[in-house]
Structures are given as C-alpha cells and as structure tokens.
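Enquirer: Sequential numbering from 45 applies to the sequence shown in my numbering.
Be a bit skeptical, because a hint or two may be false.
Dumping the calculated SDA-like pairs for lysine to any residue here, alpha-carbon to alpha-carbon at most 20 Å [stated by the list, open to error]:
hint: 1; residue 1: 84; residue 2: 71
hint: 2; residue 1: 47; residue 2: 59
hint: 3; residue 1: 74; residue 2: 93
hint: 4; residue 1: 47; residue 2: 88
hint: 5; residue 1: 96; residue 2: 67
hint: 6; residue 1: 74; residue 2: 87
hint: 7; residue 1: 49; residue 2: 89
hint: 8; residue 1: 84; residue 2: 59
hint: 9; residue 1: 95; residue 2: 64
hint: 10; residue 1: 74; residue 2: 63
hint: 11; residue 1: 95; residue 2: 63
hint: 12; residue 1: 74; residue 2: 88
hint: 13; residue 1: 60; residue 2: 81
hint: 14; residue 1: 95; residue 2: 59
hint: 15; residue 1: 96; residue 2: 66
hint: 16; residue 1: 60; residue 2: 95
hint: 17; residue 1: 47; residue 2: 96
hint: 18; residue 1: 96; residue 2: 62
hint: 19; residue 1: 74; residue 2: 64
Hints in this document: simulated from the structure, not taken from any laboratory.
Here the structure is a predicted model, which is why all the values come from computation and not from measurement.
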Amino acid sequence: MSKLKDFMVDLASDAKLTEAYRQNPIDTMKSYGLTDDEIKAVMSNDQDALKKITGEDDFQHYIIIHKFDE
45 MSKLKDFMVD LASDAKLTEA YRQNPIDTMK SYGLTDDEIK AVMSNDQDAL
95 KKITGEDDFQ HYIIIHKFDE
C-alpha cells in the first residue's frame, strides 16, 4: 500500500516535515518510506502516475513545492 497519501496529509500539517521537505524533498520522501516510483511521480508532477499510485479515481490535485525562491 502506498504511503503517498499519508505523506501528503502529513506534509500539510507537520511543520517539521514541511521544513525538511523544503530543504531536501527527495531525502525527506525516502526517509518517510516512499518508493522510488512515488518520489519520481511527485518530483515530475506526473498526475497519471499519482492517480495510479494513490488509487484515487477522483483524484484531488496536490501542489508540491519543489523549491522556494528566496
């Protein structure tokens, strides 16, 4: 079972996880236990892959911030 949906919910509600993701998204997702395919789908914003991974037919779009401009 994919951890991706749990990760997205936690990312929105856990300030420490959000900061870790902001600093290094790939390592943060790996530490959370996401698979390489899940990470690739997030980093490429591949909506079809995200739908398939999460099993959501009526998929709600998630916005993932890759890098903040400072």
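Enquirer: Each hint needs a verdict: does it hold in this structure or not?
Expert: Hint check:
1. 84 - 71: holds (12 Å)
2. 47 - 59: Judged against 20 Å, a Cα distance of about 18 Å means the pair holds.
3. 74 - 93: holds (18 Å)
4. 47 - 88: Given that 20 Å is the threshold and the Cα spacing comes to 18 Å, the pair holds.
5. 96 - 67: violated (27 Å)
6. 74 - 87: Holds, because 12 Å separates the two Cα atoms, which is no more than 20 Å.
7. 49 - 89: holds (14 Å)
8. 84 - 59: Roughly 23 Å between the alpha carbons, so the hint for residue 84 and residue 59 is violated.
9. 95 - 64: Distance of about 25 Å is beyond 20 Å: violated.
10. 74 - 63: With Cα atoms ~15 Å apart, residue 74 and residue 63 stay inside 20 Å; holds.
11. 95 - 63: violated (25 Å)
12. 74 - 88: holds (16 Å)
13. 60 - 81: violated (24 Å)
14. 95 - 59: violated (26 Å)
15. 96 - 66: The given pair, whose Cα atoms are some 25 Å apart, is violated under the 20 Å limit.
16. 60 - 95: violated (26 Å)
17. 47 - 96: holds (13 Å)
18. 96 - 62: violated (24 Å)
19. 74 - 64: holds (12 Å)
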